[in-house]
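Engineer: Sequence:
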Amino acid sequence: MLKRNSSGFTLIELIVTIVIMGILIGIGVPSFQDMMNNSRASTHANNLVTAFNMARSEAVKRGQTIEVCSANAGGTACAGAGVGWGSGWLVWWDGKNDDAAGNCDASNTANSALAACEIIRAWSTGTGAPTTTTTVDSVSFGSRGEMASSSAEITLDLCSSPYQRTLTINPIGHIRSNRGSC
Numbered sequence: 135m136l137k138r139n140s141s142g143f144t145l146i147e148l149i150v151t152i153v154i155m156g157i158l159i160g161i162g163v164p165s166f167q168d169m170m171n172n173s174r175a176s177t178h179a180n181n182l183v184t185a186f187n188m189a190r191s192e193a194v195k196r197g198q199t200i201e202v203c204s205a206n207a208g209g210t211a212c213a214g215a216g217v218g219w220g221s222g223w224l225v226w227w228d229g230k231n232d233d234a235a236g237n238c239d240a241s242n243t244a245n246s247a248l249a250a251c252e253i254i255r256a257w258s259t260g261t262g263a264p265t266t267t268t269t270v271d272s273v274s275f276g277s278r279g280e281m282a283s284s285s286a287e288i289t290l291d292l293c294s295s296p297y298q299r300t301l302t303i304n305p306i307g308h309i310r311s312n313r314g315s316c
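Each residue of the sequence shown is one higher than the one before, starting from 135 at the first, in the numbering used here.
Derived from the structure by calculation, the hints contain no laboratory data.
Be careful, since some hints might not be right.
Derived SDA-like pairs: lysine to any residue, alpha-carbon spacing no greater than 20 Å straight-line [unchecked claim]:
id	residue 1	residue 2
1	K195	A256
2	K195	W227
3	K195	I309
4	K195	E280
5	K195	T184
6	K195	G276
7	K195	D291
8	K195	A286
9	K195	T289
10	K195	R278
11	K195	E252
12	K195	D228
13	K195	G229
14	K195	I149
15	K195	S277
16	K195	S283
17	K195	G208
18	K195	A282
19	K195	I157
20	K195	E287
21	K195	R255
22	K195	G279
Distance ranges between label pairs, derived from CB positions [to be verified]:
id	residue 1	residue 2	range
23	S295	I161	19 to 29 Å
24	T302	V217	40 to 50 Å
25	R313	S277	26 to 36 Å
26	V183	T210	22 to 32 Å
27	E287	I157	46 to 56 Å
28	N304	E252	25 to 35 Å
29	R255	I152	27 to 37 Å
30	C316	V153	31 to 41 Å
31	I161	R255	14 to 24 Å
32	P296	G260	50 to 60 Å
33	A215	S173	23 to 33 Å
34	A215	T184	23 to 33 Å
Each residue gets a CB set at the ideal place from its N, CA and C atoms; glycine is no exception.
Throw the hints in and build the complete structure from the sequences for me.
Structural biologist: Spelled out as structure tokens, the structure:
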């Protein structure tokens, strides 16, 4: 009798391999979700810190007050009180110095009354943004880099469960980011 050499996998070997891969994927996916939530919280916090630092440096550079505010859904104007920072935020300059953030609308180029303001940069958060809890909808920086909108520390809590980042801005304009849990 001639012996045939077989090459390849048997059905049993293939099934065992698939079962082992399934177990490894089942263990790995929850930790990947955790990693994604942690990354979302960090990215959101870093982007907010970037916006605050940009506003602060623009205020010093221009010698005028620059504001960071929570954006409306379109990202073209400040959202106003009680909306939160979930849709994004704007760094803008109020040339009229009336602190009326709703008066600055980047999408309305035909209205000359809006010409005395400039949206320097807009950020949108996209999907899956962490929830932000704070009573503040805007932060202004004066010409010396200090906070012009408040004489007390401002705190923003960003939560992408279970990961939290707390941003604290002190009256002289320094920004601190700390980790926590929601």
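Engineer: Each hint needs a verdict: does it hold in this structure or not?
Structural biologist: How the hints compare with the structure:
1. K195 - A256: 19 Å, holds
2. K195 - W227: 12 Å, holds
3. K195 - I309: Holds: K195 and I309 sit about 18 Å apart, inside 20 Å.
4. K195 - E280: It holds: about 13 Å lies between the C-alpha atoms, which stays within 20 Å.
5. K195 - T184: 16 Å, holds
6. K195 - G276: 10 Å, holds
7. K195 - D291: 29 Å, violated
8. K195 - A286: With a Cα-Cα distance of about 24 Å, the restraint between K195 and A286 is violated, given a limit of 20 Å.
9. K195 - T289: Outside the cut-off at roughly 25 Å; violated.
10. K195 - R278: Judged against 20 Å, a Cα distance of about 9 Å means the pair holds.
11. K195 - E252: Holds. K195 to E252 sits at ~15 Å (cutoff 20 Å).
12. K195 - D228: 15 Å, holds
13. K195 - G229: Distance ~15 Å between K195 and G229 Cα, so the pair holds.
14. K195 - I149: 66 Å, violated
15. K195 - S277: Since the Cα atoms of K195 and S277 sit roughly 8 Å apart, the hinted pair holds (cutoff 20 Å).
16. K195 - S283: Cα-Cα ~18 Å, so holds.
17. K195 - G208: 28 Å, violated
18. K195 - A282: The given pair, whose Cα atoms are some 15 Å apart, holds under the 20 Å limit.
19. K195 - I157: 57 Å, violated
20. K195 - E287: 23 Å, violated
21. K195 - R255: 16 Å, holds
22. K195 - G279: 9 Å, holds
23. S295 - I161: 19 to 29 Å: Holds, at about 21 Å.
24. T302 - V217: 40 to 50 Å: This hint is violated: roughly 21 Å between Cβ atoms.
25. R313 - S277: 26 to 36 Å: Because 33 Å falls inside the window, the suggested range holds.
26. V183 - T210: 22 to 32 Å: 23 Å, holds
27. E287 - I157: 46 to 56 Å: 49 Å, holds
28. N304 - E252: 25 to 35 Å: 27 Å, holds
29. R255 - I152: 27 to 37 Å: This hint is violated: roughly 49 Å between Cβ atoms.
30. C316 - V153: 31 to 41 Å: Given a distance of about 36 Å, which is inside 31 to 41 Å, the answer is holds.
31. I161 - R255: 14 to 24 Å: 42 Å, violated
32. P296 - G260: 50 to 60 Å: Violated, at about 21 Å.
33. A215 - S173: 23 to 33 Å: Given range 23 to 33 Å: holds, Cβ gap about 30 Å.
34. A215 - T184: 23 to 33 Å: 24 Å, holds
When each numbered hint is compared with the structure, violations occur for hints 7, 8, 9, 14, 17, 19, 20, 24, 29, 31 and 32.
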